[in-house]
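Undergrad: The residues making up each chain are set out below.
There are 2 protein chains.
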Amino acid sequence: MSGEPELAVVLHALGDPVRLWLVRVLAAQGESTCSPDGLDVPRSTLTNHWRILREAGLTETRQEGKHRVMTLRRAAVEARHPGLLAVVLAEPAGPGAAPG
Amino acid sequence: MSGEPELAVVLHALGDPVRLWLVRVLAAQGESTCSPDGLDVPRSTLTNHWRILREAGLTETRQEGKHRVMTLRRAAVEARHPGLLAVVLAEPAGPGAAPG
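From first to last, the protein sequence lines stand for chains H and E.
One point on numbering: in the numbering used here, the residue at position 35 of the first sequence is 35, and numbering is uninterrupted.
Plus 100 on top of the position in the second sequence (first one is 1) and you've got the numbering used here.
Read the hints as simulated data drawn from the structure, not as lab findings.
Possibly wrong hints are sitting among the right ones.
Claimed, not checked - Quick list of the computed label-pair ranges, beta carbon to beta carbon: (1) H:Pro5 / E:Gln163: 34 to 42 Å; (2) E:Val169 / H:Pro82: 29 to 37 Å; (3) E:Ala186 / H:Pro17: 21 to 29 Å; (4) E:Gly183 / H:Val69: 24 to 32 Å; (5) H:Arg62 / E:Lys166: 57 to 65 Å; (6) H:Val69 / E:Glu191: 31 to 39 Å; (7) H:Val69 / E:Arg168: 48 to 56 Å; (8) H:Val69 / E:Ser144: 22 to 30 Å; (9) H:Glu78 / E:Ala176: 19 to 27 Å; (10) H:Ala90 / E:Arg154: 36 to 44 Å; (11) H:Cys34 / E:Glu191: 31 to 39 Å; (12) H:Glu4 / E:Ala186: 14 to 22 Å; (13) H:Ser44 / E:Glu164: 42 to 50 Å; (14) H:Ala90 / E:Asn148: 26 to 34 Å.
All C-beta atoms, glycine included, are put in the ideal place defined by N, C-alpha and C.
Looking at chain H on its own, in the form it has when it is part of the complex (with noise of 0.2 Å):
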């Protein structure tokens, strides 16, 4: 084993509309801010969300300037669950499909 993250610590971090939408997101995108548009949730909650995926080894998080830039560990991911990014964005990320 390479040291991620059990099945279930990354079914757990994408079990929830907001974290599975910040994902999709990601994927879409290409990275994010730490508050994307279009979702309408506290900062601290965002923040919270964010250090799951990230302990959860789906998300890395680089420093530029004054700003958080999250990306999506796609490859990693991949290559530890074959099959398990196909089923999450299956299902795009519009604006309009924002939870919360």
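With chain H fixed as given, assemble chain E onto it according to the hints.
TA: For chain E alone, coordinates are given in the frame of chain H:
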């Protein structure tokens, strides 16, 4: 849409080591009683896990005399979320793989 639960609900149901193990047991054995062999988890906890799996549309329950028997809704889940079960079942549920 068919009235089946949303993907986030299904992923949340699968995002727990015990529930993931239960689904793998069902897939391997065809069906299960409430308390499958090899799992050291309190019965009340198991009842709650089975409820979450059932409400997510992953399993169904039938009564056989005094016992409840659980089965996996394999065709329904595959129709709604193609490929998801393949990801979940990629790791088999051997007795030594039981969580807790």
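Undergrad: If a hint holds in the structure, say so; if it doesn't, say that too.
TA: Going through the hints against the structure:
{"no.": "1", "hint": "H:Pro5 / E:Gln163: 34 to 42 Å", "in the structure": "holds (38 Å)"}
{"no.": "2", "hint": "E:Val169 / H:Pro82: 29 to 37 Å", "in the structure": "holds (32 Å)"}
{"no.": "3", "hint": "E:Ala186 / H:Pro17: 21 to 29 Å", "in the structure": "holds (23 Å)"}
{"no.": "4", "hint": "E:Gly183 / H:Val69: 24 to 32 Å", "in the structure": "holds (29 Å)"}
{"no.": "5", "hint": "H:Arg62 / E:Lys166: 57 to 65 Å", "in the structure": "holds (58 Å)"}
{"no.": "6", "hint": "H:Val69 / E:Glu191: 31 to 39 Å", "in the structure": "holds (33 Å)"}
{"no.": "7", "hint": "H:Val69 / E:Arg168: 48 to 56 Å", "in the structure": "holds (49 Å)"}
{"no.": "8", "hint": "H:Val69 / E:Ser144: 22 to 30 Å", "in the structure": "violated (45 Å)"}
{"no.": "9", "hint": "H:Glu78 / E:Ala176: 19 to 27 Å", "in the structure": "holds (26 Å)"}
{"no.": "10", "hint": "H:Ala90 / E:Arg154: 36 to 44 Å", "in the structure": "violated (23 Å)"}
{"no.": "11", "hint": "H:Cys34 / E:Glu191: 31 to 39 Å", "in the structure": "holds (33 Å)"}
{"no.": "12", "hint": "H:Glu4 / E:Ala186: 14 to 22 Å", "in the structure": "holds (19 Å)"}
{"no.": "13", "hint": "H:Ser44 / E:Glu164: 42 to 50 Å", "in the structure": "holds (49 Å)"}
{"no.": "14", "hint": "H:Ala90 / E:Asn148: 26 to 34 Å", "in the structure": "holds (29 Å)"}
Figure legend: structure checked against the earlier numbered hints; hints not met, in rising order: 8, 10.
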